[in-house]
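So you can see what is in the structure, the chains are spelled out below.
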Amino acid sequence: MTQVTTRPPEVRPVSDRRTWRPVAGAVVVLAGALLPWASVVLPAGAYPDLATLQFFDAPYLVTGFRLHLVLLGLAAALLPRARRSVGIGVLIIALVHTGFLIGYGALSIGGPVALVGGALVVWSGRALPAPELKLPGRAVAWLALLAAFAALLWLVTQTLTAGGQSRATNSYGAAEFLAFCGFGLALIGSLSAYGILTWLAALTERHRLFAFTVMLACALMLPLTEAGTGYWMTVAATIGIYAATATGLNIVVGLAGLLDLGYVAFLGLGAFTAANLAHTLPFPLAALAGAAAAGVFGVVVGAPTLRVRGDYLAIVTLAFGEIFFRAAQNNIGGLTGGANSIPGIPQITMFGQDFNEPLGALPAGFLYYVVAVLMVAGAVAVLLNLKSSRMGRAWRAIKEDEDVARAMGVRTGRAKILAFLVGAMLAGLAGAVFAHKMGTVGYESFDFSESVTLLAAVVLGGMGTVPGAIVGASLLFVLPEKLREFSDYRLMLFGLALILIMRFRPQGLVSS
Amino acid sequence: MATLSQQIVNGLVQGALIGLIALGYTMVYGIVQLINFAHGEVFMVGAFGAHFAFLYLLPEGVSWYVALPVMVVAAVAASVAVSVAMERLAYRPLRGSHKLAPLITALGVSILLQEVVRVFYPHATSPLPFPRAFANGHLVMGTVSVLWTGVLALAVAPLLAWALHLYVERSRLGRAMRATAQDPDTARLMGINPDRVMLATFVIGAVLAGIGAVLYGIHYTQIDTMIGFQNGIFAFTAAVLGGIGNIRGAMLGALCIGLVKSLAGQYAWGGAQYDYVWVFVLLILVLMFRPQGFLGRSEGVRA
Numbered sequence: 033m034t035q036v037t038t039r040p041p042e043v044r045p046v047s048d049r050r051t052w053r054p055v056a057g058a059v060v061v062l063a064g065a066l067l068p069w070a071s072v073v074l075p076a077g078a079y080p081d082l083a084t085l086q087f088f089d090a091p092y093l094v095t096g097f098r099l100h101l102v103l104l105g106l107a108a109a110l111l112p113r114a115r116r117s118v119g120i121g122v123l124i125i126a127l128v129h130t131g132f133l134i135g136y137g138a139l140s141i142g143g144p145v146a147l148v149g150g151a152l153v154v155w156s157g158r159a160l161p162a163p164e165l166k167l168p169g170r171a172v173a174w175l176a177l178l179a180a181f182a183a184l185l186w187l188v189t190q191t192l193t194a195g196g197q198s199r200a201t202n203s204y205g206a207a208e209f210l211a212f213c214g215f216g217l218a219l220i221g222s223l224s225a226y227g228i229l230t231w232l233a234a235l236t237e238r239h240r241l242f243a244f245t246v247m248l249a250c251a252l253m254l255p256l257t258e259a260g261t262g263y264w265m266t267v268a269a270t271i272g273i274y275a276a277t278a279t280g281l282n283i284v285v286g287l288a289g290l291l292d293l294g295y296v297a298f299l300g301l302g303a304f305t306a307a308n309l310a311h312t313l314p315f316p317l318a319a320l321a322g323a324a325a326a327g328v329f330g331v332v333v334g335a336p337t338l339r340v341r342g343d344y345l346a347i348v349t350l351a352f353g354e355i356f357f358r359a360a361q362n363n364i365g366g367l368t369g370g371a372n373s374i375p376g377i378p379q380i381t382m383f384g385q386d387f388n389e390p391l392g393a394l395p396a397g398f399l400y401y402v403v404a405v406l407m408v409a410g411a412v413a414v415l416l417n418l419k420s421s422r423m424g425r426a427w428r429a430i431k432e433d434e435d436v437a438r439a440m441g442v443r444t445g446r447a448k449i450l451a452f453l454v455g456a457m458l459a460g461l462a463g464a465v466f467a468h469k470m471g472t473v474g475y476e477s478f479d480f481s482e483s484v485t486l487l488a489a490v491v492l493g494g495m496g497t498v499p500g501a502i503v504g505a506s507l508l509f510v511l512p513e514k515l516r517e518f519s520d521y522r523l524m525l526f527g528l529a530l531i532l533i534m535r536f537r538p539q540g541l542v543s544s
Numbered sequence: 014m015a016t017l018s019q020q021i022v023n024g025l026v027q028g029a030l031i032g033l034i035a036l037g038y039t040m041v042y043g044i045v046q047l048i049n050f051a052h053g054e055v056f057m058v059g060a061f062g063a064h065f066a067f068l069y070l071l072p073e074g075v076s077w078y079v080a081l082p083v084m085v086v087a088a089v090a091a092s093v094a095v096s097v098a099m100e101r102l103a104y105r106p107l108r109g110s111h112k113l114a115p116l117i118t119a120l121g122v123s124i125l126l127q128e129v130v131r132v133f134y135p136h137a138t139s140p141l142p143f144p145r146a147f148a149n150g151h152l153v154m155g156t157v158s159v160l161w162t163g164v165l166a167l168a169v170a171p172l173l174a175w176a177l178h179l180y181v182e183r184s185r186l187g188r189a190m191r192a193t194a195q196d197p198d199t200a201r202l203m204g205i206n207p208d209r210v211m212l213a214t215f216v217i218g219a220v221l222a223g224i225g226a227v228l229y230g231i232h233y234t235q236i237d238t239m240i241g242f243q244n245g246i247f248a249f250t251a252a253v254l255g256g257i258g259n260i261r262g263a264m265l266g267a268l269c270i271g272l273v274k275s276l277a278g279q280y281a282w283g284g285a286q287y288d289y290v291w292v293f294v295l296l297i298l299v300l301m302f303r304p305q306g307f308l309g310r311s312e313g314v315r316a
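Protein chains in written order, with our numbering: chain A, 33 to 544; chain B, 14 to 316.
Hints may be right or wrong, so weigh each one.
Claimed, not checked - Each computed SDA-like pair below joins lysine to any residue, with the alpha-carbon atoms no more than 20 angstroms apart: (1) B/112 to A/541; (2) B/112 to A/435; (3) B/112 to A/341.
For the record, the hints were derived by calculation from the structure and aren't laboratory data.
Could you put together the complete structure from these sequences and hints?
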């Protein structure tokens with residue numbers, strides 16, 4: 033008898049083959065970063081228009097995106113697992129800037145070189161399973177979480193302010209912003225490739241209360257950073273309002289699996305209610321009234337869920353949303369102002385402080401930002417609590433299979449209506465803040481495309497995950513602000529994003 | 014009385030046009046169990062295809078006997094191309110995935126198509142005038158007058174629905190469709206290729222939408238990028254009302270929707286500004302209390 037020996041499958045170390053490619057790629061990327069980025073000296077102009085183009089025509093000037101390219105080149109050489117995301121980051125940065133230069137009418141030298149380098153790095157990178165990192169003790173964990181959220185605050189600040197706030201003073205802002213996004217993607221991808229993101233997520237899960245507090249503190253520290261101007265506070269507060277709304281939608285769609293295509297109606301109902309009561313009631317009462325009105329409408333919209341499910345339910349919610357929109361457009365009962373909208377809603381004032389005025393050394397709009405952050409925190413707290421409650425398990429059961437859930441004794445009707453009630457109330461509250469902050473409310477803010485945007489935010493971020501809706505809402509409302517040159521393509525890109533996410537990453541950017 | 018009969022005729026004409034879209038909804042839902050949200054956009058693309066053919070392909074002042082067929086062919090070609098592309102690229106890869114995925118994808122396709130046309134078609138950011146066939150003639154019967162284009166729509170739409178019904182009942186492909194609707198896996202065992210059947214379903218729906226788009230354009234003489242979404246919702250309502258999956262039911266439901274819209278706009282509270290609202294109210298009520306529609310699910314494609 034011959035002994036059959038089974039050899040273990042051959043395990044190749046990461047670094048034995050194809051070593052020249054990453055090294056060559058890294059070298060080419062570094063060269064690309066250091067070479068001059070424009071073939072000609074760009075026509076100099078008056079200060080505001082062309083001043084930022086200094087990055088392009090001076091060789092060896094390593095600031096801004098060229099510093100990012102140098103860092104990425106070094107990472108490509110030193111961090112084998114991170115190569116794929118680093119290469120993609122290099123490709124994005126180089127493509128954006130080369131494209132900008134071509135649009136400007138100049139040829140780039142550094143650009144194509146960096147492109148080749150990025151391609152080489154991507155080619156040499158291989159997808160390896162991320163290593164599993166052990167969870168440390170409490171002290172180390174807290175330190176790590178502190179560092180992680182501080183880094184997150186830095187990344188958010190940089191992303192917000194990248195490219196500046198005004199296209200008038202910086203025609204090159206959109207390219208700068210997109211390139212920074214490339215760098216940010218490479219950073220996040222590298223961390224993920226080394227398993228650090230998973231590790232941090234596990235830490236957050238274990239030290240939930242601490243993480244939540246630190247995150248809240250970091251969010252409240254945003255006004256102290258570079259982004260602490262009135263303009264960015266306004267942008268951030270608007271994002272916060274939509275993030276809270278998206279979190280509410282996340283309860284309905286993500287947890288309970290009830291697709292709502294008219295969700296923005298709840299936001300609108302809260303806004304119109306608060307706007308009508310703004311002159312007679314103090315803000316907290318008006319906000320509560322907005323939430324209550326939206327909640328009642330939520331139960332009305334939710335009532336058909338007792339009989340209708342799945343696709344049909346989505347259509348019913350869409351019909352309710354359209355009815356609300358038409359009614360608001362026609363100024364039903366004189367409550368919505370119709371085409372004139374409701375103007376002159378007073379700012380929130382509490383303790384003699386107008387919320388739109390600067391508070392001490394803090395920028396104007398800071399207080400709205402605080403309100404928005406607290407609202408998002410509240411929405412997240414509600415989501416988290418419900419998710420792990422009896423009701424949350426009932427929702428998950430309904431989402432998986434309604435008939436089985438019912439057979440197991442889940443009272444499906446009550447659970448579904450409760451999902452609509454909670455989601456609608458959150459949106460109504462957000463709507464009340466929205467009305468006061470904007471000072472004017474009109475029906476145009478609540479059309480079908482807004483519902484789609486909110487849904488896209490939830491789907492993009494990851495249905496049912498806590499950070500998902502916030503990440504998604506931030507992206508979908510920051511991008512239009514940053515890329516006004518492309519505002520015509522906004523909805524088109526949303527549509528494309530919905531299709532591509534469902535096709536390639538149905539669990540969203542942040543998966544549970 | 015004169016107003017009533019006039020409104021009834023107007024409603025029937027609009028219903029007939031909606032019916033041609035509703036047939037596509039009902040066929041696709043009957044066989045793939047997918048609410049193809051983007052089907053209204055297929056109709057819209059067809060209208061723009063016909064507009065393109067008239068404006069850029071046909072010489073000026075060409076006779077209607079040439080122009081109309083060319084426009085129909087262009088509309089159908091555009092609709093079919095878009096429909097096939099969306100079935101192959103967006104829906105087919107999703108088969109067997111999470112149950113919300115196809116609906117969200119359909120939403121994405123719908124917005125994408127709307128925006129692509131709005132941004133890239135010349136001057137489509139505002140409503141475009143659509144050429145009217147047969148000059149501006151009316152057929153006058155007593156107090157009621159109806160445009161000849163409306164008469165054409167009223168004649169063609171039910172005829173096409175009837176033809177489609179017969180095709181699904183009698184032809185080989187129709188039998189394959191009914192088999193696939195009942196059980197795709199068993200149909201595959203019987204030698205039917207469900208993928209081809211599903212593609213054929215999308216193509217048939219697109220052909221009807223293309224024809225409907227031309228009829229719609231020459232009747233209302235104005236198109237914009239939103240016609241797909243609005244009429245798509247009406248058509249979906251019609252398909253549900255008639256019993257989704259049922260071909261004759263879809264046309265019947267569409268005629269009802271047209272009547273409801275035009276009569277509610279005339280007589281109901283709120284007037285013409287709220288006629289959409291009444292259609293949506295009807296939709297909600299039907300979905301809640303009789304989701305199987307008029308003709309139920311026991312006949313037609315969805316056996």
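>> Just to be careful, I want the Cα atoms of residue 112 of chain B and residue 341 of chain A compared with a cutoff of 20 angstroms; is the pair within it?
In response: Distance of about 12 angstroms is within 20 angstroms: holds.
> If you draw a straight line from the CA of residue 112 of chain B to the CA of residue 435 of chain A, is it 20 angstroms or shorter?
Replying inline: holds (15 angstroms)
> Keeping to a limit of 20 angstroms between CA atoms, is the pair of residue 112 of chain B and residue 541 of chain A held or broken?
Replying inline: Judged against 20 angstroms, a Cα distance of about 19 angstroms means the pair holds.
Comparing the model with each numbered hint stated earlier shows that all of them hold.
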